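*Asks:* Listed below, chain by chain, are the residues.
Protein chains: 2
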Amino acid sequence: MAGNTQAGASSTVIGFIGTGIMGASMAGHLRKNGYEVHVYNRTKARAEGLLQQGAVWHDQPKDVAKHADVVITMLGYPSDVEQIYFGADGLLNNARDGAYFLDMTTSSPALAKRISQEAASKGLHALDAPVSGGDVGAREAKLSIMVGGDTQAFEAVKPLLDIMGTNVVHQGSAGAGQYTKMCNQITIASNMIGVSEALAYAKAAGLDQTQVLKSISSGAAGSWSLSNLAPRMIAGDFAPGFYVKHFVKDIRIALDSAAEMGLELPGLKLAQSLYEQLIEHGGDNDGTQALYRIIAGE
Amino acid sequence: MAGNTQAGASSTVIGFIGTGIMGASMAGHLRKNGYEVHVYNRTKARAEGLLQQGAVWHDQPKDVAKHADVVITMLGYPSDVEQIYFGADGLLNNARDGAYFLDMTTSSPALAKRISQEAASKGLHALDAPVSGGDVGAREAKLSIMVGGDTQAFEAVKPLLDIMGTNVVHQGSAGAGQYTKMCNQITIASNMIGVSEALAYAKAAGLDQTQVLKSISSGAAGSWSLSNLAPRMIAGDFAPGFYVKHFVKDIRIALDSAAEMGLELPGLKLAQSLYEQLIEHGGDNDGTQALYRIIAGE
Numbered sequence: 002m003a004g005n006t007q008a009g010a011s012s013t014v015i016g017f018i019g020t021g022i023m024g025a026s027m028a029g030h031l032r033k034n035g036y037e038v039h040v041y042n043r044t045k046a047r048a049e050g051l052l053q054q055g056a057v058w059h060d061q062p063k064d065v066a067k068h069a070d071v072v073i074t075m076l077g078y079p080s081d082v083e084q085i086y087f088g089a090d091g092l093l094n095n096a097r098d099g100a101y102f103l104d105m106t107t108s109s110p111a112l113a114k115r116i117s118q119e120a121a122s123k124g125l126h127a128l129d130a131p132v133s134g135g136d137v138g139a140r141e142a143k144l145s146i147m148v149g150g151d152t153q154a155f156e157a158v159k160p161l162l163d164i165m166g167t168n169v170v171h172q173g174s175a176g177a178g179q180y181t182k183m184c185n186q187i188t189i190a191s192n193m194i195g196v197s198e199a200l201a202y203a204k205a206a207g208l209d210q211t212q213v214l215k216s217i218s219s220g221a222a223g224s225w226s227l228s229n230l231a232p233r234m235i236a237g238d239f240a241p242g243f244y245v246k247h248f249v250k251d252i253r254i255a256l257d258s259a260a261e262m263g264l265e266l267p268g269l270k271l272a273q274s275l276y277e278q279l280i281e282h283g284g285d286n287d288g289t290q291a292l293y294r295i296i297a298g299e
Numbered sequence: 002m003a004g005n006t007q008a009g010a011s012s013t014v015i016g017f018i019g020t021g022i023m024g025a026s027m028a029g030h031l032r033k034n035g036y037e038v039h040v041y042n043r044t045k046a047r048a049e050g051l052l053q054q055g056a057v058w059h060d061q062p063k064d065v066a067k068h069a070d071v072v073i074t075m076l077g078y079p080s081d082v083e084q085i086y087f088g089a090d091g092l093l094n095n096a097r098d099g100a101y102f103l104d105m106t107t108s109s110p111a112l113a114k115r116i117s118q119e120a121a122s123k124g125l126h127a128l129d130a131p132v133s134g135g136d137v138g139a140r141e142a143k144l145s146i147m148v149g150g151d152t153q154a155f156e157a158v159k160p161l162l163d164i165m166g167t168n169v170v171h172q173g174s175a176g177a178g179q180y181t182k183m184c185n186q187i188t189i190a191s192n193m194i195g196v197s198e199a200l201a202y203a204k205a206a207g208l209d210q211t212q213v214l215k216s217i218s219s220g221a222a223g224s225w226s227l228s229n230l231a232p233r234m235i236a237g238d239f240a241p242g243f244y245v246k247h248f249v250k251d252i253r254i255a256l257d258s259a260a261e262m263g264l265e266l267p268g269l270k271l272a273q274s275l276y277e278q279l280i281e282h283g284g285d286n287d288g289t290q291a292l293y294r295i296i297a298g299e
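Same order as they appear, the protein sequences are chains B and F.
For the record, in the first sequence the residue sitting at position 173 is 174 according to my numbering, with numbers rising by one throughout.
For the record, in the second sequence the residue sitting at position 35 is 36 according to my numbering, with numbers rising by one throughout.
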């Protein structure tokens, strides 16, 4: 990477593709730290805030790539990632010499490996670096960032990642970041079933659900979901912190990759079927805590 | 209840039946607070520590009941509870006038209601008051105690409960304590599947499982089990904090009571089938974290 990456003192040019709720916050932190930031987003309106902060707009992703030493992508689905990285107009075919690519989308480990190999064949560097922490973590620059790719590339971009997150961990070679993010989602999926079932049971038994949380939240049943999402389930607040449709995407990625490894994940499979029921009931754009509706039959 | 229940200043006589690992600690705290404590346990050797602290031994449960104003039971299975409370030699037929009974065993809500009704018909008071916090919580008097029964009886025995626990909550009428404990176990059951699956997936993907925990433990996937039991799974340490055989008992109670209420709990049902596989593989006396062995196929 050309020059140093110290905050506020760098000649490194950053490209940021995908300036949705999280991406806009993340790119904003880089901009505030003095980096020149070039952006592209499918819906230009969502980049306006960044442009007002001095980011440079391009009408096509490949033009971002042509201007940037480090290109960060924060997209929706693996198919978006595939489309934007590959092909004649893709990022990898329009990159600066020796450029770095960081895909921070939650995407498939197999695709991350493919991008890494293709990048290496062109003398480029690609890392997969999905995050957890949601829009609040992105806004407060407190993301957990899980990185896959080679060590030299990780060290080179780490100062940028430290601007966006507080828990930046190199998890291994290409794909390891995505695999780690899948571990995160696998853990959450079954726990959401448990939390939903406990509240549904409490209600059926005639208990005061909020009072039940007082007894169980701080002990061995305790979890982030029980503390943060159970109260929303009780209140009937199904507004999205994290969208059901995105969670179902992640579950599919995890199940596909597990199948490739010959691993059965019965809990995750159950979560998939329950969340698909939720989608059939129109829950695509609810938050993941809406699983309670399916379990409680509401 | 005769006299006051202030620590160290009470004429209230306590009976404690079931002085296993947890029961012995709990009875010990009452004794250290100045209460006269009468004890019975199936295996007398396990009461020796208490007898050295001045507790009074009886060869039969009914003799404990004859001496005590408040009788606490901390047993293994609902069948033990049923046997010790009912019948000619049972606690309820040998109680002091107006005595209080606290069943702190994790047992069935239906049985708790039955005990409560039978007690009331004799002018006695019964509460169900199961706990969470395990042997450490019992030793350190930091249990969470979930209480079902009428308010007057709860208020009368609360000073005793406050000696054994730090989180004493009245959850409702008879059975509500047991229902609440079931909510605790339901939440844990599915989360154990998620934690086990995440670690099995991490291993299959070639990740360093401990490094994965650094990325995921403090965010939305975080839980008591992930922080406390996942490291033991990784280390292959399946020593019991909480026995598989006891957890399977609790799962059965929860599923039976859910069925009585017409509620389906697919996550808990899956947990039951996985834990039963673990028992078929000889895991009865392992800790609940041994579920990892089944998921990872180890």
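One or more hints might be untrue.
One copy or two, either will do: identical chains are not told apart, so a pair holds if it fits within one copy or between any two.
As the list claims (entries may be wrong) - Result set (DSS-like, lysine-lysine): computed pairs, CA atoms no more than 27 Å apart in a straight line:
no., residue 1, residue 2
1, LYS215, LYS45
2, LYS114, LYS250
3, LYS215, LYS250
4, LYS123, LYS33
5, LYS250, LYS45
6, LYS45, LYS246
7, LYS33, LYS270
8, LYS123, LYS246
9, LYS143, LYS250
10, LYS123, LYS215
11, LYS270, LYS215
12, LYS246, LYS33
13, LYS204, LYS250
14, LYS67, LYS123
15, LYS215, LYS67
16, LYS114, LYS204
17, LYS33, LYS67
18, LYS250, LYS33
19, LYS204, LYS45
20, LYS270, LYS250
21, LYS204, LYS270
22, LYS123, LYS270
It should be emphasised that the hints constitute simulated quantities derived from the structure, not laboratory data.
In this text the structure is predicted, and so the values were computed from the model without any measurement.
*Asks:* So, for every hint listed, does it hold in this structure?
*Replies:* Going through the hints against the structure:
| no. | hint | verdict |
| --- | --- | --- |
| 1 | LYS215 <-> LYS45 | neither (46 Å within a copy, 36 Å between copies) |
| 2 | LYS114 <-> LYS250 | within (19 Å within a copy, 45 Å between copies) |
| 3 | LYS215 <-> LYS250 | between (33 Å within a copy, 24 Å between copies) |
| 4 | LYS123 <-> LYS33 | neither (32 Å within a copy, 74 Å between copies) |
| 5 | LYS250 <-> LYS45 | within (25 Å within a copy, 58 Å between copies) |
| 6 | LYS45 <-> LYS246 | within (23 Å within a copy, 58 Å between copies) |
| 7 | LYS33 <-> LYS270 | neither (42 Å within a copy, 51 Å between copies) |
| 8 | LYS123 <-> LYS246 | neither (35 Å within a copy, 57 Å between copies) |
| 9 | LYS143 <-> LYS250 | within (24 Å within a copy, 42 Å between copies) |
| 10 | LYS123 <-> LYS215 | neither (57 Å within a copy, 33 Å between copies) |
| 11 | LYS270 <-> LYS215 | between (31 Å within a copy, 25 Å between copies) |
| 12 | LYS246 <-> LYS33 | neither (32 Å within a copy, 56 Å between copies) |
| 13 | LYS204 <-> LYS250 | between (30 Å within a copy, 22 Å between copies) |
| 14 | LYS67 <-> LYS123 | within (15 Å within a copy, 87 Å between copies) |
| 15 | LYS215 <-> LYS67 | neither (56 Å within a copy, 36 Å between copies) |
| 16 | LYS114 <-> LYS204 | between (46 Å within a copy, 18 Å between copies) |
| 17 | LYS33 <-> LYS67 | within (22 Å within a copy, 76 Å between copies) |
| 18 | LYS250 <-> LYS33 | neither (32 Å within a copy, 57 Å between copies) |
| 19 | LYS204 <-> LYS45 | neither (46 Å within a copy, 41 Å between copies) |
| 20 | LYS270 <-> LYS250 | both (13 Å within a copy, 25 Å between copies) |
| 21 | LYS204 <-> LYS270 | both (26 Å within a copy, 19 Å between copies) |
| 22 | LYS123 <-> LYS270 | neither (39 Å within a copy, 51 Å between copies) |
Checked against the numbered hints above, the structure violates hints 1, 4, 7, 8, 10, 12, 15, 18, 19, 22; every other hint is satisfied.
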